[in-house]
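Model the full structure from these sequences, guided by the hints.
Protein chains in written order, with UniProt numbering: chain E, 1 to 168; chain C, 1 to 736; chain S, 1 to 241.
In case anyone wonders, no lab produced these hints; they're calculated from the structure. Because the structure is a prediction, the values reported are computed rather than measured. Where a beta carbon is used, it is the ideal one built from N, C-alpha and C, also for glycine. Among the hints, erroneous ones may be present.
To be verified - Which residues of chain E face chain S? A partial, calculated answer using Cβ under 8 angstroms:
hint, residue
1, D93
2, R126
3, E127
4, L156
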Amino acid sequence: MRFPLLALLAGGPAHGYELKQALEQRFGSVLPPINAGQIYTTLSRLERDGLVGDDAVAQNGRPNKRVYSLTEAGRAELGGWVADATPAARLKDDFFIKLVLARAAGIADPAELIARQRDAYLQALRELDDVALTTNGDETAALLIEGAALHLEADLKWLDLCEQRLGS
Amino acid sequence: MRTAFFRLARADLLARPGQTALTAVAIFAAATALVVTLALRAGLDDPFADAMAETRGAHMAVYGELSDADVARLAALPGVVASDVRSRRNDQARLGGTTVEVGLETLPATNAPVDRPHVTEGRRPAAPGELLVERSFARETGLHVGDRFALGTVVGLAVTTEQATYPRWDPGLVWAPAVDAPGRRVGVRLQDPEATDAFAAAARRALPGTRLAFTDWHGVRDTITDQTRTNAIVIGINTLLALFAVGFTVATVISGRVLAQRREIGMLKAVGFTPRGVVALLVGEYLAIGLVAALLGLIAGAAIAPLLLEPMANVLATPTPSALRPLPLLLALVLVLAAVALFTAIPALRAGRVNTVDALALGRAGGSGHASRAARLAAALRLPTVARLGVKDAFTSRSRATLTIAALTFMVVTLVAALSVEATFHRVIDDPALRAKPWDVRVEAPQALAAVQDDADVAAATTVAGLQVTGPRGELEARVLGDGFQAFSYAVPDGRMFAKPGEAIAGRGLYDALGLDVGDRLTVQVSGRPVTLTLVGRHVEPDNDGEVLIFPAASLPEPVEAAAVIANFTPGSDQAAAARRIEGATGAQAELPEEEVRGERADIRPILFGSSLLLVAVGLVNLLATLLLVTRERARDFAIFKAVGLTPRGVLGVVNAGGAALGAIAIVVGIPLGLLIFRGVMTGMNPSEGTDVIGTPGPFALALCVPFVLAVTALASFVPGRTAARTSTATVLRAE
Amino acid sequence: MEPVIVTRGLTREYEGGVRALAGIDVSVEEGEFVAVTGPSGCGKSTLLNLLGGLDRPTAGEIELGGRRVDGFSEARWAHVRRDELGFVFQFFNLIGNLSVADNVELPGLLAGLSAREARVRRGELLESLGIGELADASPTRLSGGQQQRVAIARALINRPKVLLADEPTGALDSASAREVMAVLREAHDERGQTIVLVTHDARVAARADRVLAMRDGAVAHETRLEQGDATSVSRLMQLEV
Ligand SMILES: Nc1ncnc2c1ncn2[C@@H]1O[C@H](COP(=O)(O)OP(=O)(O)O)[C@@H](O)[C@H]1O
Ligand SMILES: [Mg+2]
Numbered sequence: 001m002r003f004p005l006l007a008l009l010a011g012g013p014a015h016g017y018e019l020k021q022a023l024e025q026r027f028g029s030v031l032p033p034i035n036a037g038q039i040y041t042t043l044s045r046l047e048r049d050g051l052v053g054d055d056a057v058a059q060n061g062r063p064n065k066r067v068y069s070l071t072e073a074g075r076a077e078l079g080g081w082v083a084d085a086t087p088a089a090r091l092k093d094d095f096f097i098k099l100v101l102a103r104a105a106g107i108a109d110p111a112e113l114i115a116r117q118r119d120a121y122l123q124a125l126r127e128l129d130d131v132a133l134t135t136n137g138d139e140t141a142a143l144l145i146e147g148a149a150l151h152l153e154a155d156l157k158w159l160d161l162c163e164q165r166l167g168s
Numbered sequence: 001m002r003t004a005f006f007r008l009a010r011a012d013l014l015a016r017p018g019q020t021a022l023t024a025v026a027i028f029a030a031a032t033a034l035v036v037t038l039a040l041r042a043g044l045d046d047p048f049a050d051a052m053a054e055t056r057g058a059h060m061a062v063y064g065e066l067s068d069a070d071v072a073r074l075a076a077l078p079g080v081v082a083s084d085v086r087s088r089r090n091d092q093a094r095l096g097g098t099t100v101e102v103g104l105e106t107l108p109a110t111n112a113p114v115d116r117p118h119v120t121e122g123r124r125p126a127a128p129g130e131l132l133v134e135r136s137f138a139r140e141t142g143l144h145v146g147d148r149f150a151l152g153t154v155v156g157l158a159v160t161t162e163q164a165t166y167p168r169w170d171p172g173l174v175w176a177p178a179v180d181a182p183g184r185r186v187g188v189r190l191q192d193p194e195a196t197d198a199f200a201a202a203a204r205r206a207l208p209g210t211r212l213a214f215t216d217w218h219g220v221r222d223t224i225t226d227q228t229r230t231n232a233i234v235i236g237i238n239t240l241l242a243l244f245a246v247g248f249t250v251a252t253v254i255s256g257r258v259l260a261q262r263r264e265i266g267m268l269k270a271v272g273f274t275p276r277g278v279v280a281l282l283v284g285e286y287l288a289i290g291l292v293a294a295l296l297g298l299i300a301g302a303a304i305a306p307l308l309l310e311p312m313a314n315v316l317a318t319p320t321p322s323a324l325r326p327l328p329l330l331l332a333l334v335l336v337l338a339a340v341a342l343f344t345a346i347p348a349l350r351a352g353r354v355n356t357v358d359a360l361a362l363g364r365a366g367g368s369g370h371a372s373r374a375a376r377l378a379a380a381l382r383l384p385t386v387a388r389l390g391v392k393d394a395f396t397s398r399s400r401a402t403l404t405i406a407a408l409t410f411m412v413v414t415l416v417a418a419l420s421v422e423a424t425f426h427r428v429i430d431d432p433a434l435r436a437k438p439w440d441v442r443v444e445a446p447q448a449l450a451a452v453q454d455d456a457d458v459a460a461a462t463t464v465a466g467l468q469v470t471g472p473r474g475e476l477e478a479r480v481l482g483d484g485f486q487a488f489s490y491a492v493p494d495g496r497m498f499a500k501p502g503e504a505i506a507g508r509g510l511y512d513a514l515g516l517d518v519g520d521r522l523t524v525q526v527s528g529r530p531v532t533l534t535l536v537g538r539h540v541e542p543d544n545d546g547e548v549l550i551f552p553a554a555s556l557p558e559p560v561e562a563a564a565v566i567a568n569f570t571p572g573s574d575q576a577a578a579a580r581r582i583e584g585a586t587g588a589q590a591e592l593p594e595e596e597v598r599g600e601r602a603d604i605r606p607i608l609f610g611s612s613l614l615l616v617a618v619g620l621v622n623l624l625a626t627l628l629l630v631t632r633e634r635a636r637d638f639a640i641f642k643a644v645g646l647t648p649r650g651v652l653g654v655v656n657a658g659g660a661a662l663g664a665i666a667i668v669v670g671i672p673l674g675l676l677i678f679r680g681v682m683t684g685m686n687p688s689e690g691t692d693v694i695g696t697p698g699p700f701a702l703a704l705c706v707p708f709v710l711a712v713t714a715l716a717s718f719v720p721g722r723t724a725a726r727t728s729t730a731t732v733l734r735a736e
Numbered sequence: 001m002e003p004v005i006v007t008r009g010l011t012r013e014y015e016g017g018v019r020a021l022a023g024i025d026v027s028v029e030e031g032e033f034v035a036v037t038g039p040s041g042c043g044k045s046t047l048l049n050l051l052g053g054l055d056r057p058t059a060g061e062i063e064l065g066g067r068r069v070d071g072f073s074e075a076r077w078a079h080v081r082r083d084e085l086g087f088v089f090q091f092f093n094l095i096g097n098l099s100v101a102d103n104v105e106l107p108g109l110l111a112g113l114s115a116r117e118a119r120v121r122r123g124e125l126l127e128s129l130g131i132g133e134l135a136d137a138s139p140t141r142l143s144g145g146q147q148q149r150v151a152i153a154r155a156l157i158n159r160p161k162v163l164l165a166d167e168p169t170g171a172l173d174s175a176s177a178r179e180v181m182a183v184l185r186e187a188h189d190e191r192g193q194t195i196v197l198v199t200h201d202a203r204v205a206a207r208a209d210r211v212l213a214m215r216d217g218a219v220a221h222e223t224r225l226e227q228g229d230a231t232s233v234s235r236l237m238q239l240e241v
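Pasting the structure below:
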């Protein structure tokens, strides 16, 4: 969660609660519920590494409210993250390991494994499609769903390949 | 390159064997029709010339009681290139209850230099008592091969150009192996066939004091050509139509197919064919089919032609021409192949110019989606859905609809022309005045006037005479009617019939030749004395190109010898019986002009029907090919129709409704066009009488076209419709 | 639920021994949306063509609406197609020389609708498919997606028991495919249209209630799919921050 917070702070100083709200606003329904503690833990780690600094703003009768901002080092770190390409998501696949090993050990029918996996992917695709119908113009969500669906379609095609080459 | 062409052409032809076969059949039919037509035409151009050549007809024949020395003198006259002599006497025989004059001649050798009778039936006589009879004489008197009569047994029939057909020329001719008689006939062929008068003068000078009679070949020719004019016109019309048919069939079938190939042409262009290459490929392909089909067609044509040539030869009084002469056959081949090349190249060029992408897209979807006028009409008429689809379908492609309509129209024109010929005959039979014979009966015995007038059934009778008069530009043929001419009214389209001596009527040819109009005065010399006549009308005159003058005999300063008696019967009398009675009373032949025309019609019918049938057959092949192509092209649409629930019968209905819609147009266009063409040809071929005698088929006869066209389209739609109905939808739509 | 289509041992062999279908048993219930998937040449189109009577089985039975139809004559099949089935093809197969309106009204008129009724239905259908303004256009001038929607309207005008669709999105770009799928989904979800649809697009197949995976002329596997609900949303959204 380090880089998302750094990225949010690039827009200007903010305190922890504001950062949480900004995240939720940007990603909307696609983000699982975030708890505030997670944000604060990350922020303090960033502070420890000298990537963010903070000013305490006194609040009457309450603990000081801390406003975080990006340091020079933080800006450099963020620059590196933005500039680097993100590595491909999918180079490990539990199902593939399961399929190869189960087939080698003779503990399952590979065709059945593939069929079950296909059911699961199809069902997932169906649910994604249903969810897509309920995004109500949420572009971020729609894009994310589209990406996921495309991945699932690729997975299904890949299952066809597995079936052809390892299906028996 | 050549290999590529060859492979593509072969693949294309083999890919659609049905269409290839149909194209071949169409070309075959066209070639057949063309051969028959050209053969008929060749016989028609100058039937007499053919017959002259065939029989080595004499240019001049001299009759008289001649010694061998006389004959030698005649043969040695200047300008004579060949001569032949034979004995001849006039005899009489009773045939079919009447006595007829017979000219009996010695049978010439088979290799006689002049006047070889051409045997058309039976054989040459070999033994004494065997006879060869001139064909028209045999037909007229009912003689057949094998019949016996007073002079001997008939063993053969023959045609000759010694004289024109009986009974116009009599006596009838009969040849026997040996004839014993003092009279002789010397036939000569001249260096210059026109120099007959000079020969006659020379002959008279060479044999002074000997009584000589001459027959000039011009006289024979004029009689035969005059007599067969109507028939020649009819044959002419049909041959003209056949030429149309050939061009048309080749055009529709091939153009139709090439147009349907646009998608393939697009593909060829996509792989690098030039438009010229495409044209060359297609032309080569169709020429290959055309050559095979045309050769077969020539053979078939040569086989069929005699069936039509023979009745024609009867009509034209000529020996049956051969259909196997190389020139017409070669001409037919060249014409057919030229048509094939032309009608392939034009649409191929057009198709080659179509944008490649559009051409490739053609298979998938075409058309504008906009209702044609006909489709809108169908909708407005609240026709059932199937009928509306059919109409819409029929007019989807303009070129296709045009081809089909043209094919149908052609058949309607053929039919209308045939009906018009019938109607014309009918009209002339009803009214012999249209033949310039405004009488019911003609008796070739001028002295019999009183006897004829005495017959109970005769209402009016008078005499008629033919004479030569001298007009401002030379000899004119004239006819004069005796007293009582008022009862014999010629057909006078312009002006009126003459009513008193000093008035005259004339045929169109005379008016044209002399630059006169109705109302003008004309002075002619009759036996050296001037007679001035007022031309009060133009009558319909089939003879002598219409250059005939008719007036009352009383206009002449002195009476002329009459040639025959003419009479009208009281209405409702039995004309045939009356004619027989008159023959009995006068001992002369009574001729009913109506019968004469009937006979002519009977002669022409086999030719008319035969060639019309051939034309209709060609049209049918044509139509079938067009419709089949259309259906093939529409296979996808029909498959879709079926996919959305059109039954096989519905598909047939769509095809038929389309055919009927096109047929309706063909009828609407074809009937007036047929009448117009017939009128045009009649006028063109026979300006003097054509327009005046044309018969127009009655509404009922014309209405015949409707069931005919419907039957023809239904017949022609049946095969493609069934194909469309049967083709598997899945297969067609799969071919996408 | 009543089965609308039942096949037993449905077999189709082509000349030359190609066994396109080898004894298929399927049952489609009323209101069900069945997708048929499988590699090219496995017999999907053959199955659909047999169900629509566009082709004849070599062996086996077909029941439609509770009665045997496999022995029907061509003409009776035509009546079945016009009254009870709707066909949608990959390449639209609209009649190029009929306007959009005419194309859509055609099966209605064939089935005996009055011209007025056909017009009204066509108007509603085109409107609901979002192409109401194209009624007078020529199909040749339309985009693929528009043409396919016209084809669907044509298939639906007689309110068929079953809509048979063979790769309806196969010839379309993804945006047009989306539009066409939306139309089919609406027909099924909102009006309970029974659909049998052949596709090789997983996204399209995923919309079905049941997916039949075919291999070599037989159904190899069957997947029942459940409607996604709100609780599954978060489960799917694995966005890690
Ligand atoms: N008319 C035909 N003649 C011969 N073989 C055919 C015909 N139609 C289809 N096939 C064959 O049947 C098999 C199934 O075809 P099809 O049902 O079209 O497959 P798909 O699943 O791709 O739609 C294929 O092997 C195909 O080649
Ligand atoms: Mg398929």
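Of all the hints numbered above, which does this structure not satisfy? Sort the numbers upward.
Of the numbered hints, just 1 does not hold.
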